[in-house]
Amino acid sequence: MRRALAPLLLLTLLFACGLWQPWDPDAVNVLARHAAPDIAHPLGTDHLGRDLLSRLMAGGFRTGIVILAVGLLGLTGGALLGTLAAVLGGWREKLILKASQLFIMVPTLIVALTAAAVFGLSPFSAGVALGLAAIGPLALFAHMLTKRVLCQPFIMAADAIGVSSGTMLFRHLLPNTLPTLLTYVGNQSGASAIAYASLAFIGLGADPSLPDWGGMLFEYRMFLFDNPMLIAWPALALGATVFVFNRTFDR
Amino acid sequence: MVKRLGGWGLQTAAGLLAVSFVAFAIIALMPADPVAIAIRNWNLPATDETVAALRHGWGLDRPLPVRYVQWLSGFVQGDWGRSFRTGEPVRLEFMKRLPLSLFLGLSSLCLAIALALPLGFAAALKPGGIADRFSRLLSVFTQSTPAFATGLVLIWVLGAQLRWIRPFSNDGASLTLAVMLVALHSTAVLSRIYRQGLAAAMGQPWFITARAKGFSERRALWRHAHPSAFYAVLAAIHSEAGWVIGSAAAMEILFGLPGISQFLVQSISARDQMVLQAYVIVVALWMAIVGLVARLLSLRLEPRLS
Numbered sequence: 001m002r003r004a005l006a007p008l009l010l011l012t013l014l015f016a017c018g019l020w021q022p023w024d025p026d027a028v029n030v031l032a033r034h035a036a037p038d039i040a041h042p043l044g045t046d047h048l049g050r051d052l053l054s055r056l057m058a059g060g061f062r063t064g065i066v067i068l069a070v071g072l073l074g075l076t077g078g079a080l081l082g083t084l085a086a087v088l089g090g091w092r093e094k095l096i097l098k099a100s101q102l103f104i105m106v107p108t109l110i111v112a113l114t115a116a117a118v119f120g121l122s123p124f125s126a127g128v129a130l131g132l133a134a135i136g137p138l139a140l141f142a143h144m145l146t147k148r149v150l151c152q153p154f155i156m157a158a159d160a161i162g163v164s165s166g167t168m169l170f171r172h173l174l175p176n177t178l179p180t181l182l183t184y185v186g187n188q189s190g191a192s193a194i195a196y197a198s199l200a201f202i203g204l205g206a207d208p209s210l211p212d213w214g215g216m217l218f219e220y221r222m223f224l225f226d227n228p229m230l231i232a233w234p235a236l237a238l239g240a241t242v243f244v245f246n247r248t249f250d251r
Numbered sequence: 001m002v003k004r005l006g007g008w009g010l011q012t013a014a015g016l017l018a019v020s021f022v023a024f025a026i027i028a029l030m031p032a033d034p035v036a037i038a039i040r041n042w043n044l045p046a047t048d049e050t051v052a053a054l055r056h057g058w059g060l061d062r063p064l065p066v067r068y069v070q071w072l073s074g075f076v077q078g079d080w081g082r083s084f085r086t087g088e089p090v091r092l093e094f095m096k097r098l099p100l101s102l103f104l105g106l107s108s109l110c111l112a113i114a115l116a117l118p119l120g121f122a123a124a125l126k127p128g129g130i131a132d133r134f135s136r137l138l139s140v141f142t143q144s145t146p147a148f149a150t151g152l153v154l155i156w157v158l159g160a161q162l163r164w165i166r167p168f169s170n171d172g173a174s175l176t177l178a179v180m181l182v183a184l185h186s187t188a189v190l191s192r193i194y195r196q197g198l199a200a201a202m203g204q205p206w207f208i209t210a211r212a213k214g215f216s217e218r219r220a221l222w223r224h225a226h227p228s229a230f231y232a233v234l235a236a237i238h239s240e241a242g243w244v245i246g247s248a249a250a251m252e253i254l255f256g257l258p259g260i261s262q263f264l265v266q267s268i269s270a271r272d273q274m275v276l277q278a279y280v281i282v283v284a285l286w287m288a289i290v291g292l293v294a295r296l297l298s299l300r301l302e303p304r305l306s
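Going line by line, the protein sequences match chains A and B. In terms of full-length UniProt numbering, the first sequence has 24 at position 24, counting the first letter as 1, and numbering is strictly consecutive. In terms of full-length UniProt numbering, the second sequence has 102 at position 102, counting the first letter as 1, and numbering is strictly consecutive.
Just chain A, same shape as in the assembly (with noise of 0.2 angstroms):
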C-alpha cells in the first residue's frame, strides 16, 4: 500500500484547497481584469478580476469530492456485489451480474450526464451518479476476479479443514482480491476527474461561473487567443491530477 500515498497526498492536498484561498474564488473586481500574474495574484486573474489559483484550487476541492465518492462508492458497491455474486452462486449470482450487464449498456459518462440533467450539477450529484455507474462493471470485474481465486487449491483446503465462512472470506478471499480491486478502483477513480471535467465542460444549464475546472475551461475558451494562461492551468491541475492516479493504479 506503499505506492498509494502519491494519490493520498494528493487527494488531502484537493481537500485542503478547499479549506483555504487566497482570495474569494468569486470575488469579482473589474479593476484587475486578466491581470499578469505578480505576488497579490500569483496565477493572474481572470475576465472578471478573479483570482485564478483561488478558482483553481476551489476547484480542486470540488474534484477531490469527485474522486472520493467515485472511489467509496464503486469500490464499496462493486466490490460488495461481485463478491457476492461469486460466493453465493445460483440464481443470486444470475441477478447481480444481469442487472451489472445493465449498468453498461449505457456509458459511465451518459448515466452521469443524464443524472446532471436532472439533479443539477455538483460534485455531489456527479459524484454519486459516476460512482453508482462504476459499480457495474467493477462488480464484474470483482465477480471474475473472486471465481479465479476460488477455484485455486489453497481455498478448497480450507475449505477441507472446516474454516468459518467469514475467516474463509476475510482470511482467504478478500486478501488475494482486494489489492487489485483497488487498483482498478484507483484507475476508475482518477478517470472519474476526466469525466467530471467533461460534464462541467457540456455544462448542461449548470452556473458556468462555478469554479469547476473543467468549467473554467469552457469559459475562457473565449479568451483562447487574448490570455492562453488562462486555460493552461486548469488543464494541467487536471492532467497532472488524473496522471497521478494513473501512474500510481497503472493496470
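Do not take every clue at face value.
Said to hold, decoys possible - 30 angstroms max Cα-Cα, derived DSBU-like pairs, lysine-lysine:
1. A/K147 with A/K94
2. A/K98 with A/K147
3. A/K94 with B/K3
4. B/K213 with A/K98
5. B/K126 with B/K3
6. B/K213 with A/K147
Hints are computed from structural coordinates only; laboratory data are not their basis.
Got chain A; can you put chain B on it based on the hints?
Below, chain B alone, put in the same frame as chain A:
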C-alpha cells in the same frame, strides 16, 4: 449460430427495455417542473387552466406506468413524443442532428481501429522500439488529458498561432479535428490491447512452429497471431464505443457542431424530458449496435464460438 444471436438479441432487447424504464422513471423524478418553465419561457398566463392544459397535453397528469407504456408504444411506432421546448416532434429533431453525431462516432471508431492496428503491430514487432514507446506515451497522455482540453490547445496552436483554421467555427476543419481528437484516445487503448494480444500469441507453441516452418517474424505475426489479437481488440470495442460517444458530446460543445448532444444541452434548460429520454435510448441503441457488429465480426474470426 442463429440461435446464439437470437438469444443475444433477446437479452439486448430486454436490457434496452429495462434501461428505458429506469431512465423514464429517473427523468420523471426531475425536481424542476417543465410546465412552470414553459409558462415562463412562453409568457403564458399562469392560470390553473393553462397549467392543467399543458400538463394534460404533455400527459403529465397520468400515473407513471401509464405514461411509460404510452411512451414506449409510441416510440416503437416512431412517435418519440413532442419536445417541451420547441413543440416539434422529438424524432424529427433527432433525425436532423443524428447524421452528424453518428458520423462523428463511427468515423472516430473506424479511424481508431485503422490507426491502432499498424501502431500495435509495429510495437509488437519491436518491443521497446519507437512505435512501442510512442504508443505507450500516447496512452499515458490520452488517459490523463480529456479530449476537449487537448482540443483547446490544438485550437490555440492551429487557430491562433498558425492561423490554419477558423476557431470555434462549424466547418469541415472542425469536424476533422473533432474526429481525430476522439479517435486519439481509442487509438491508444486499442493499440495497447492489440500489442498485448500479439505479444501473448508470440509465446504460444503454434507461433514457434510457424517460425520454425520458415515464416518471417512479420509474416508469422500477421498470419497466425493477428486473428487472436484482433479478437481481443473487438472485445474492447464495446467499452470504447461508450467512450467515443462521451467524448463526441464534449467535441460537439467545443466546436459548436449541431449534433444530438448539443441539442440535449439546449433542451435541458427547458427540462425537456422527452429529449433526454430519447437521448438515453439513442445512446443505448448505439452501444447495442456496435456490440452486435463486434460480436458478428468475432464470430467470423472464431468459428468455434458459434
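Taking the hints in turn, this is what the structure says about them:
| no. | hint | result |
| --- | --- | --- |
| 1 | A/K147 with A/K94 | holds, 13 angstroms |
| 2 | A/K98 with A/K147 | holds, 16 angstroms |
| 3 | A/K94 with B/K3 | holds, 21 angstroms |
| 4 | B/K213 with A/K98 | violated, 46 angstroms |
| 5 | B/K126 with B/K3 | violated, 43 angstroms |
| 6 | B/K213 with A/K147 | violated, 39 angstroms |
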